[in-house]
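I would like the entire structure built from these sequences, with the hints used as guidance.
Chains as they are written, first to last, in my numbering: chain A, 1 to 149; chain B, 1 to 149.
Do not take every clue at face value.
[What the hints assert, rightly or not] 27 Å max Cα-Cα, derived DSSO-like pairs, lysine-lysine:
#: 1; chain 1: A; residue 1: 5; chain 2: B; residue 2: 66
#: 2; chain 1: B; residue 1: 38; chain 2: B; residue 2: 139
#: 3; chain 1: B; residue 1: 5; chain 2: A; residue 2: 66
#: 4; chain 1: A; residue 1: 5; chain 2: B; residue 2: 90
#: 5; chain 1: B; residue 1: 90; chain 2: B; residue 2: 16
#: 6; chain 1: B; residue 1: 90; chain 2: A; residue 2: 38
#: 7; chain 1: A; residue 1: 66; chain 2: A; residue 2: 16
#: 8; chain 1: A; residue 1: 38; chain 2: A; residue 2: 5
#: 9; chain 1: B; residue 1: 16; chain 2: A; residue 2: 66
#: 10; chain 1: A; residue 1: 5; chain 2: A; residue 2: 139
#: 11; chain 1: A; residue 1: 66; chain 2: A; residue 2: 38
#: 12; chain 1: B; residue 1: 16; chain 2: B; residue 2: 38
#: 13; chain 1: A; residue 1: 38; chain 2: B; residue 2: 66
#: 14; chain 1: A; residue 1: 90; chain 2: B; residue 2: 38
#: 15; chain 1: A; residue 1: 139; chain 2: B; residue 2: 16
#: 16; chain 1: A; residue 1: 5; chain 2: B; residue 2: 139
#: 17; chain 1: B; residue 1: 139; chain 2: B; residue 2: 90
#: 18; chain 1: B; residue 1: 5; chain 2: B; residue 2: 38
#: 19; chain 1: B; residue 1: 66; chain 2: A; residue 2: 90
#: 20; chain 1: A; residue 1: 90; chain 2: B; residue 2: 16
#: 21; chain 1: A; residue 1: 66; chain 2: A; residue 2: 139
#: 22; chain 1: B; residue 1: 38; chain 2: B; residue 2: 66
#: 23; chain 1: A; residue 1: 16; chain 2: A; residue 2: 38
#: 24; chain 1: B; residue 1: 139; chain 2: B; residue 2: 66
#: 25; chain 1: A; residue 1: 90; chain 2: B; residue 2: 90
#: 26; chain 1: B; residue 1: 38; chain 2: A; residue 2: 66
#: 27; chain 1: A; residue 1: 139; chain 2: A; residue 2: 90
#: 28; chain 1: B; residue 1: 90; chain 2: A; residue 2: 16
#: 29; chain 1: B; residue 1: 16; chain 2: A; residue 2: 16
Bear in mind the hints are in silico, worked out from the structure with no lab data behind them.
There are 2 protein chains.
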Amino acid sequence: MTMAKYQITDVGSLAKWGDFYGGFSPESSYLGRRVLDKELPFEFFGVTVNSREPGDGVDFWHSHSKLEELYLFLEGEGEMGLDDEVVPVKGGTALWVGQGVMRVWRCSPSSPTALKWICVRAGGDRLANLSGENSDAIKVDASERPLPW
Amino acid sequence: MTMAKYQITDVGSLAKWGDFYGGFSPESSYLGRRVLDKELPFEFFGVTVNSREPGDGVDFWHSHSKLEELYLFLEGEGEMGLDDEVVPVKGGTALWVGQGVMRVWRCSPSSPTALKWICVRAGGDRLANLSGENSDAIKVDASERPLPW
Numbered sequence: 001m002t003m004a005k006y007q008i009t010d011v012g013s014l015a016k017w018g019d020f021y022g023g024f025s026p027e028s029s030y031l032g033r034r035v036l037d038k039e040l041p042f043e044f045f046g047v048t049v050n051s052r053e054p055g056d057g058v059d060f061w062h063s064h065s066k067l068e069e070l071y072l073f074l075e076g077e078g079e080m081g082l083d084d085e086v087v088p089v090k091g092g093t094a095l096w097v098g099q100g101v102m103r104v105w106r107c108s109p110s111s112p113t114a115l116k117w118i119c120v121r122a123g124g125d126r127l128a129n130l131s132g133e134n135s136d137a138i139k140v141d142a143s144e145r146p147l148p149w
Numbered sequence: 001m002t003m004a005k006y007q008i009t010d011v012g013s014l015a016k017w018g019d020f021y022g023g024f025s026p027e028s029s030y031l032g033r034r035v036l037d038k039e040l041p042f043e044f045f046g047v048t049v050n051s052r053e054p055g056d057g058v059d060f061w062h063s064h065s066k067l068e069e070l071y072l073f074l075e076g077e078g079e080m081g082l083d084d085e086v087v088p089v090k091g092g093t094a095l096w097v098g099q100g101v102m103r104v105w106r107c108s109p110s111s112p113t114a115l116k117w118i119c120v121r122a123g124g125d126r127l128a129n130l131s132g133e134n135s136d137a138i139k140v141d142a143s144e145r146p147l148p149w
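Next comes the structure, spelled out in structure tokens:
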């Protein structure tokens, strides 16, 4: 149990989100990603802050067996692949995804700006029991399951 | 257990966040607030989307006995009261608050824009077991504990 009463980090204004850097591990870090649960003492949920340039996206599918997620898009235009569907997203789209759904995303090549979003995840347990070595994530390489665009 | 695989709602672009309306109940609804867990089938966490005009803020204190919260500010300038401290916040401030901390917030009277933020909350249980009739929230009226500004 954490002893902090509150704790602050700074992700910068939306205009600067393409400049930050971080991930779940040094190996998974890249420009335009911050994993706030690596910076703040979350116990029960996790939050990532994301920016992707036009045409750029994730290069693997993943799903979660225990975590539900919210993708809250704030700026730009993009697409999410959800199992066999492709859904357009843009600033204002709030997309809840349940357990077991395979997902990928990209910023559309024609997007006027980078695609910027927050992803929140939680399950019915402490986050530490659902991530890292105890991860509930299932990853599928694009060589096994082609991306939908 | 929900059967939806994914579900979408639209909160509009950041520029429009002052125009939406909603709350935990009709009585608690006001302009500049959307409770996404009333619109999407969240099981384990909840998310509110908020906009307050310069000088406007909450008029009561509250704390949570079981939920932790993240306040992620996206635009504008404001202040949060956290027990006996007052912390400045602005677009980019990510503020994690632990259980038991009394909190209030306002958009600064001098803020160049409305204060806009997302609040995420979760505990170690289903959200339905921590809200509504089972709420872990403790509210204190400003007549009992004066606001810090």
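Here is what the structure says about each hint:
1. A/5 to B/66: Distance of about 13 Å is within 27 Å: holds.
2. B/38 to B/139: 21 Å, holds
3. B/5 to A/66: Measuring from Cα to Cα gives roughly 13 Å; hence the hint holds.
4. A/5 to B/90: 20 Å, holds
5. B/90 to B/16: Roughly 18 Å between the alpha carbons, so the hint for residue 90 of chain B and residue 16 of chain B holds.
6. B/90 to A/38: 21 Å, holds
7. A/66 to A/16: Violated, at about 32 Å.
8. A/38 to A/5: 17 Å, holds
9. B/16 to A/66: 34 Å, violated
10. A/5 to A/139: Given that 27 Å is the threshold and the Cα spacing comes to 35 Å, the pair is violated.
11. A/66 to A/38: Holds, at roughly 20 Å.
12. B/16 to B/38: 20 Å, holds
13. A/38 to B/66: 21 Å, holds
14. A/90 to B/38: Given that 27 Å is the threshold and the Cα spacing comes to 21 Å, the pair holds.
15. A/139 to B/16: 36 Å, violated
16. A/5 to B/139: Given that 27 Å is the threshold and the Cα spacing comes to 18 Å, the pair holds.
17. B/139 to B/90: 25 Å, holds
18. B/5 to B/38: 17 Å, holds
19. B/66 to A/90: Violated: residue 66 of chain B and residue 90 of chain A sit about 34 Å apart, past 27 Å.
20. A/90 to B/16: Holds - the C-alpha atoms of residue 16 of chain B and residue 90 of chain A are around 14 Å apart, at most 27 Å.
21. A/66 to A/139: Holds, at about 14 Å.
22. B/38 to B/66: 20 Å, holds
23. A/16 to A/38: Holds, at roughly 20 Å.
24. B/139 to B/66: 14 Å, holds
25. A/90 to B/90: 24 Å, holds
26. B/38 to A/66: Cα-Cα ~21 Å, so holds.
27. A/139 to A/90: Roughly 25 Å separates the two Cα atoms, so the pair holds.
28. B/90 to A/16: Holds - the C-alpha atoms of residue 16 of chain A and residue 90 of chain B are around 14 Å apart, at most 27 Å.
29. B/16 to A/16: Status holds; Cα separation ~21 Å.
Against the hints set out earlier in the document, violations occur for numbers 7, 9, 10, 15 and 19.
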